[in-house]
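From just these sequences and the hints, can you work out the full model?
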Amino acid sequence: MSKVAVIGATGKTGSLVVQSLTNAGFDVTGLVRNPAKARTIEQFANINFETFPLESTSVSKIALFLKDFDSVVFAAGVADLSKHTDVIQIELDGAMKIIEACEQAGVKRVVFISSIAASDRDFWYDNDYTRVYYTAKRTIDKVLERSMLDYTIVEPGPLV
Numbered sequence: 003m004s005k006v007a008v009i010g011a012t013g014k015t016g017s018l019v020v021q022s023l024t025n026a027g028f029d030v031t032g033l034v035r036n037p038a039k040a041r042t043i044e045q046f047a048n049i050n051f052e053t054f055p056l057e058s059t060s061v062s063k064i065a066l067f068l069k070d071f072d073s074v075v076f077a078a079g080v081a082d083l084s085k086h087t088d089v090i091q092i093e094l095d096g097a098m099k100i101i102e103a104c105e106q107a108g109v110k111r112v113v114f115i116s117s118i119a120a121s122d123r124d125f126w127y128d129n130d131y132t133r134v135y136y137t138a139k140r141t142i143d144k145v146l147e148r149s150m151l152d153y154t155i156v157e158p159g160p161l162v
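First residue of the sequence shown: 3, per my numbering; consecutive thereafter.
Mixed in with the good hints there might be a few duds.
[Unchecked claim] Computed beta-carbon distance windows for the label pairs:
1. Lys39 to Lys5: 18 to 26 Å
2. Thr87 to Gly27: 32 to 40 Å
3. Asp128 to Thr53: 34 to 42 Å
4. Val156 to Lys5: 15 to 23 Å
5. Glu52 to Lys14: 16 to 24 Å
6. Asp130 to Met150: 34 to 42 Å
7. Arg123 to Lys69: 30 to 38 Å
Calculated directly from the structure, the hints in this document are not laboratory data. Quick caveat: nothing in here was measured; it's all calculated off a predicted structure. Positions of the beta carbon are idealized from the N, C-alpha and C atoms, including for glycine.
Okay, structure coming up:
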């Protein structure tokens, strides 16, 4: 059975990913900032969770943890796009740490949740509210394209 780490497992997208992977029979571990939140979600009753403060964990520690996983899904995200520091810490630096750690750990497959608008500068470039977020998403997409990882970039539209 393939082992999959889902980063951001309790978020809107992450929880859907965890549910789909679990239903398909994968061995899923959710990596979360708040394990108490994870334990309150009923469909996660049989999921392993690890506390994973992405912004304060080194690449080498992340790589050491991820070495036992076949695949990694990066579904972490910032809910309030006006908090630019959070956007930079999670969407850019956090994602970059995961890419570097996956390369070091030899993870076989990486999936990153991006955004349908990440490659459409006309949509976001002149909007201060979203520019930092979409710049981070686009940058990570480009870094992945240049990496040695076997990757998939998913570009969903908004969740309702």
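Hint by hint, here is what the structure shows:
About 23 Å separates the C-beta atoms of Lys39 and Lys5, a value consistent with the hinted range of 18 to 26 Å. Under the hint 32 to 40 Å, the C-beta atoms of Thr87 and Gly27, about 39 Å apart, fit the expected range. In this structure the supplied range 34 to 42 Å holds for Asp128 paired with Thr53, their Cβ-Cβ distance being about 39 Å. Range check, Val156 to Lys5: about 20 Å between beta-carbon atoms, so the 15 to 23 Å window is met.
For Glu52 paired with Lys14, a C-beta distance near 20 Å keeps the hint of 16 to 24 Å intact. A hinted range of 34 to 42 Å for the beta carbons of Asp130 and Met150 is consistent with their spacing of about 35 Å. For the pair Arg123 and Lys69, the beta carbons lie near 37 Å from each other, so the given range of 30 to 38 Å is met.
The structure meets every hint from the earlier list without exception.
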